[in-house]
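Taken in order, these protein sequences are the chains called W and R. If you count the first sequence from 1, position 86 lands on 86 in this note's numbering, and the numbers rise without skipping. Convert by adding 186 to the 1-based position in the second sequence; the result is the number in this note's numbering.
Some hints here could point you the wrong way.
Claimed, not checked - The following label-pair restraints were derived from C-beta to C-beta distances:
1) W/I45 <-> R/R231: 29 to 37 Å
2) R/A235 <-> W/I45: 50 to 58 Å
3) R/P240 <-> W/R181: 54 to 62 Å
Claimed, not checked - Over 12 Å on every C-beta distance to chain W, these chain R residues come out as not near it, computed from the model:
4) Q204
5) L239
6) P240
Derived by calculation from the structure, the hints in this document are not laboratory data. Heads up, the beta-carbon is just placed ideally off N, CA and C, and yes, glycines get one too.
Listed below, chain by chain, are the residues.
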Amino acid sequence: MRSTGVGQSALLLLDAIAVLTSERVDYAVIGAMAASIYGVVRASIDADAILSLGAQKQSDLERTFRAAGFQTALRLGDADDPIPAVLQLTDRFENRVDLLVGLRGLEPDAFARAVEVQFQGVALRVIGREDFIAMKVFAGGAEGLSDAKSAITAAGGQLDLALLRRLTQRFGRAASDSLERLLNGP
Amino acid sequence: MESKLALQAKLALLAATQRMSPEQRLDAFLMHCQLMMELRLAGERIHLASRSLPS
């Protein structure tokens, strides 16, 4: 384990990614770490990634993480929850990694669009910019919309607007309307 | 109410962040998280110490 104290959830994520890589599970880093790449750097208690994993393999993966020395908790979403399950990993410093096992509306190609970013000597797979913005718009709330707006502003003319609109549409009408407000706002 | 000054400050912060490489931004994220957690723990220690003082 890389972590040596509090506030090192990003390092715990690196340990988790080593397990995911050895288990050949596709992942993409999301949340505050992705926000730091596409917008502004902000602190977070946890580090998040989304997995491409079938529901039947969740328990096996939890067992693998536990055998590797992680403290684990597998939480299942309700039938109407857009997140089917979250595998939570913690260490003795209370660093925390949330691994989202899927997200309703997320295009499967999101994993292929993920970009590689070096961090502490590890090549991380980070969710693509347009997928990130679409997810943040869908998540909503002050933080989600602020992250999305920052990413849109920082991207300038580099955004693939057609892709962004298509990805956001998959999350529903409300998300599409929110995106248009962000794109047309001040 | 929208503050023009607040918006300018936010855009300047965003521009400064984007001048860093993605790797530097992740390093900054890690450092920022560590500092924030240490600040929070320090606050908790002060709070506990002040509660244990005789009134």
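Outcome of range test on Cβ distance (W/I45, R/R231; 29 to 37 Å): 18 Å, violated
Is 50 to 58 Å respected by the C-beta to C-beta distance linking R/A235 and W/I45? 23 Å, violated
Is it the case that R/Q204 keeps its Cβ farther than 12 Å from each residue Cβ in chain W? 5 Å, violated
Status of the stated non-contact between R/L239 and chain W (beta carbon gap over 12 Å): 26 Å, holds
Verify this label for me: R/P240 is non-interface relative to chain W, using a Cβ-Cβ cutoff of 12 Å. 31 Å, holds
Are R/P240 and W/R181 spaced within 54 to 62 Å by their CB atoms? 56 Å, holds
Violated hints, in rising order: 1, 2, 4; the structure is consistent with all others.
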